[in-house]
Amino acid sequence: MMATDFIEEYALAAEISEAEALEPRTLAEARRRPDWPLWEKVIQKELETLRQAGTWELAEALVGSNIIGSKWVFRAKKDAAGNVICYKAHLIAQGFSQVPGVDYFDTFAPVAKLAAIRLVLMMAAADDMKMHQIDIKGAYLNGELTNREVIYMLQPPSYHAPNSPRLVCRLRKTLYGLKQSGCQWYQRLVDIMLRHLGFTCCDVDQAVFFRRQGRAVIIVLVHVDDCTITATSMILITDFKAWILEHVDITNLGKLHWLLGIEIKHDRE
Amino acid sequence: MDTNICLTTAQSLSTTSEYAQMCNVSYHEAVGSLMYAALGTRPDIAFAVQTASCFSTKPGPAHWEVAKQIFRYLKGKMNLWLSYGTTKQDMMGFTDTDESMAEDRHAISGYTFLIHGSAVTWSAK
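Chains as they are written, first to last, in numbering that gives the first Met the number 0: chain A, 0 to 268; chain B, 0 to 124.
Watch out, some of these pointers could steer you wrong.
[Said to hold, decoys possible] Below, computed lysine-lysine pairings styled on DSBU-like, alpha-carbon distance capped at 30 Å:
#1 A:Lys76 / A:Lys172
#2 A:Lys264 / A:Lys77
#3 A:Lys264 / B:Lys76
#4 A:Lys136 / A:Lys87
#5 A:Lys254 / B:Lys87
#6 A:Lys240 / A:Lys254
#7 A:Lys112 / B:Lys124
#8 A:Lys44 / A:Lys136
#9 A:Lys112 / B:Lys74
#10 A:Lys264 / B:Lys67
#11 B:Lys67 / A:Lys112
#12 A:Lys254 / B:Lys76
Bear in mind the hints are in silico, worked out from the structure with no lab data behind them. All figures in this text were calculated on a predicted structure; none of them were measured in a lab.
Please model the entire structure based on the sequences and the hints provided.
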């Protein structure tokens, strides 16, 4: 098993999409475009996802409380050949107007260290373990806000609730753009891994979780919403995917080939 | 990195022509991307990148040449991979320091730890 080489693919992709102006920058711009029906559809889809997740409830803001803004951002995802494969719309909370100590407390979120990743790769290669990768869909939407964090957000631009346009959203779950989203998502993940799935958090790297039963070992490396699963047998990996699916929505990326810009090649089955 | 190249802050920008030459160079970004390679899978360039990064604040043409040299080296050695699981042997560690040889009198230290004969952690600073 080996690892190497990084291409600045992401930077390149960003440059290309900028040049071709595939993505509208504002809602108003999106509306003027011929492909607006496509964008409109994904906006509705995003609103439905947020509604299902119970991200907020409409409420009257307390007098003097801080109300943060919200904004739509649009993304056109492309495949390797440069064809648009899907449109995405995200509602982003404008977290820059949050006040520390009032609207948010901790903002840290650990990610697996490169040395830990290489160590697990080495162990996998030495003991012929299987490595798979999953991605957690809308990871930040799974974070839960505590009762201490009362956050009011303006209703999504142009998509106000029909009967109560003057109410604001009292957030229950985290949203992209909030200061504490990363931290709260990590807390939620720890809760799932430790309490529900019976994993142990590694002492030296907080983003590494493992579980051992006799000779069977499963190790999970976490990088925000990317989980790399290493296990002594395929059954353990399949089971893990089924378990975590009971708590969060995932995309199954199959065998590990690419991790943090590092290409992984398996030269033995 | 060539052993006969010696980088110092004296090679930083001094003349206007040097300034004109360097003003469009994104040295910091270049060294930053080399740094990720060095941290991720390339222990072989760790020391060279460390040396180049010392001059990020005020790079001169000589420093830029070294940075470009590292890119050329990487391009030539693209087929080098970290390879795990080839042998079984005990953990080995190597470490070395020099004592304030650099012009700023900071000690440079480096280490690498090998498990089963392949590098898992390393550092040069």
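Here is what the structure says about each hint:
1. Using a Cα cut-off of 30 Å, the hinted pair A:Lys76 and A:Lys172 holds, with the two alpha carbons roughly 26 Å apart.
2. Taken as a hint, the A:Lys264 and A:Lys77 pair is honoured in the structure, with Cα atoms around 24 Å apart against an allowance of 30 Å.
3. Proposed proximity of A:Lys264 and B:Lys76 is supported: the alpha carbons are some 17 Å apart, at most 30 Å.
4. Annotation: proposed proximity of A:Lys136 to A:Lys87 holds, straight-line Cα distance about 13 Å (limit 30 Å).
5. Our distance criterion of 30 Å between C-alpha atoms is met by A:Lys254 and B:Lys87, whose separation comes to about 25 Å.
6. Restraint check: the Cα-Cα separation between A:Lys240 and A:Lys254 comes to about 13 Å, which is no more than 30 Å; the hinted pair holds.
7. A distance of roughly 18 Å separates the Cα atoms of A:Lys112 and B:Lys124; the hinted pair therefore holds under the 30 Å criterion.
8. Distance hint between A:Lys44 and A:Lys136 is fulfilled; the C-alpha atoms sit about 14 Å from each other, no more than 30 Å.
9. A threshold of 30 Å between alpha carbons decides the hint, and for A:Lys112 with B:Lys74 the separation of about 26 Å falls inside it, so the pair holds.
10. A distance of roughly 28 Å separates the Cα atoms of A:Lys264 and B:Lys67; the hinted pair therefore holds under the 30 Å criterion.
11. The suggested pairing of B:Lys67 with A:Lys112 holds, with an alpha-carbon distance near 28 Å, which does not exceed 30 Å.
12. At most 30 Å may separate the alpha-carbon atoms for a hinted pair to count; A:Lys254 and B:Lys76 meet this at roughly 27 Å.
Hint violations for this structure: none, all hints satisfied.
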